[in-house]
Structure formats: C-alpha cells, structure tokens
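**Student:** Chains as they are written, first to last, in this note's numbering: chain A, 1 to 194; chain B, 1 to 119.
These aren't lab readings, by the way, just hints derived from the structure by calculation.
Here the structure is a predicted model, which means the values were calculated and not measured.
Ideal Cβ positions, reconstructed from N, Cα and C, are used throughout, including at glycine.
Accuracy of the hints is not assured; some may be wrong.
Stated by the list, open to error - A few chain A residues facing chain B, derived, Cβ under 7 Å:
| id | residue |
| --- | --- |
| 1 | L26 |
| 2 | A30 |
| 3 | I181 |
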Amino acid sequence: MTAAAHEARANDRSIFGFWVYLMTDLIMFAGLFAAFAVLRNNTFGGPAGHDFFNLPFVLEETMILLTSSFSCGLMTLAANRGDKKQTFLWLAATFVLGVSFLTLELGEFSRLVAAGNGWTRSAFLSSYFALVGTHGLHIAVGLLWIAVAAVQIWIRDLTPFTASKLNRFALFWHFLDLVWIFIFTIVYLMGAAL
Amino acid sequence: MEKHGTLLSYIWGFASSIVLTLVAYVLTEIHVNSIHEAIPHEILIPVILTLAVIQLAVQLIFFLHLGAEKGSRSQLAIFIATIIIVLLIVVSSIWIMSNLNANMTPDQINLYMQDQGSF
Chain A
1 MTAAAHEARA NDRSIFGFWV YLMTDLIMFA GLFAAFAVLR NNTFGGPAGH
51 DFFNLPFVLE ETMILLTSSF SCGLMTLAAN RGDKKQTFLW LAATFVLGVS
101 FLTLELGEFS RLVAAGNGWT RSAFLSSYFA LVGTHGLHIA VGLLWIAVAA
151 VQIWIRDLTP FTASKLNRFA LFWHFLDLVW IFIFTIVYLM GAAL
Chain B
1 MEKHGTLLSY IWGFASSIVL TLVAYVLTEI HVNSIHEAIP HEILIPVILT
51 LAVIQLAVQL IFFLHLGAEK GSRSQLAIFI ATIIIVLLIV VSSIWIMSNL
101 NANMTPDQIN LYMQDQGSF
C-alpha cells in the first residue's frame, strides 16, 4: 500500500470513529428531546413557550447557524485542496457566526433568568434549558475546537493530518446544525403554535 | 477521498435548507397570527415536522455526504440504527407518559405531587 493510500484509509477510519461518537451524542439529545416532549406542558404557573418565544429572533439564530454550517463546508473544500488562506478565511467566518449565535442564545437565557423564569421555575423551563443549553454547550466546544485547529494549522501548516482534523470538526459542526433543525421545529415553532 | 462534496453540493444544501426553514417559519407565523384559524393545528404540526425531516435528509446528503457509496455505507448503517434507538426513546417516552396522565385522575395527580413534595 502506498503512503497516500494508507493515510486515506486511516483518515476514513478516524472519520468513522468520530461518526460513532456523534451517534452516541445523538442518543443523548434524544433523551433530552424526550424529556422536553413529556414536560412541555408542566409549566407550574410559570410561562409557557408561546408566552416568551420570539419567532423572528429564533429565525435569526437559525439563519446564523445555517450560514455557519455552509461556511464550514467551504472551509473543508479549501482544506482538502490545500488552500491555507481560504481555510483560515472560512474558519474565521464560521467562528464569528458561531460566536454571534452563542451571544444571541445567552442573551435569551439571561433575559429569562432576569425575569425570574430560570431553570428552577418549572419542569418545562428545566427541560427547555437542559435541551437548548446542551446544544449551546456543544457550540461553545466547537468554537474552542476552531481556535485550537487554527493555532495548529498556523504552527504545523496545512498537512493531510491537520486537514483530516478539520474534516472531523466539520462533521461535528454540521451535526450541531442538524440537531438545531429539530430544536427550531419542536421547541420553538411547535411551542409557539400551541 | 471523493466523498467530500463539491461547491455546488454545498450551495444546493444551503439554498434548500434556507427555503425549508423559511416555509416552516412562515406557516407557523400565519398559524399564530390568524389565532390558529388560517392553518389548523392538526395540519401545521405534521407539515412542519415533515419539513424538518426533509431538511435533515437534505443536510445529511449535501453537508455530511451520507450516501450509499462504499465510503459512507457503514456510516449510513449506524446512522439508521441510531435513528431507530432515537425513535424508541422519544416515541415510547411520550406514549408511556401520556398514558400515565390519562389514567390518573386530577386528584390522584395532586396527591402524588404532594407526596413527592412538589407543593
């Protein structure tokens, strides 16, 4: 086997291994979604979803995350053809979009807590904060990952090894956008419709 | 490594995701603003859930390059197995808990809540 073919196989294997991790993460999110679905009406005198969900605001969050997923895809294209400058550019774009998403989300959380509607208010709010907050925590980890990957490429250059790391990051980031589709639909749209 | 997709596939995935998101959003806004009259609840919920599943498929194909070709077949297999587990967890939780609620009288629920120190 040539060195390049060997590397490609190792890369395929690490992608598969990372995919298995993502699937276990998906099962954890399934548990949080199940808890939310069961507890969504247990507002215990506190606000229900349709009392405080601001749909244009959530649409803005969704569009930002979707765009970051797209820029992340462009980043992998640049990384796989060895274009360091473009890789940095799209990595930076993904980072900025991720930060603005997280800022919006934390803003919403702090407004809720400031109004006395924190996670201790009702079972509905507990499950809401657990589900949306876990997704937000993943986004924060992804942002840290971008920072580490950027430093690594800066020091070690864009090699097949670092490019394969970027491919796994992209998988993670696209996965978070997939989970968000269902948070957007089940938590926000269905919550506002009820 | 041909399975990384092309610029065109990312643009397709991005554009169709935007359209699907906006359709679900606009339908919900119409439903909320017409005080649930223009689009009844029984229609809206299945429609926006279907739109979400379509968007899931779109992003799996165009962003995550999940397909039947050799490289990602094992990924697809484990994904399908995971989705079955996810559906088991979510659907059976909702089923069991709504059954519990339906089989308890409000008095029983209150007694249970007092017993658990909820009040």
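**Student:** Hint compliance check: list the failing hint numbers for this structure, sorted ascending.
**Tutor:** Violated: none.
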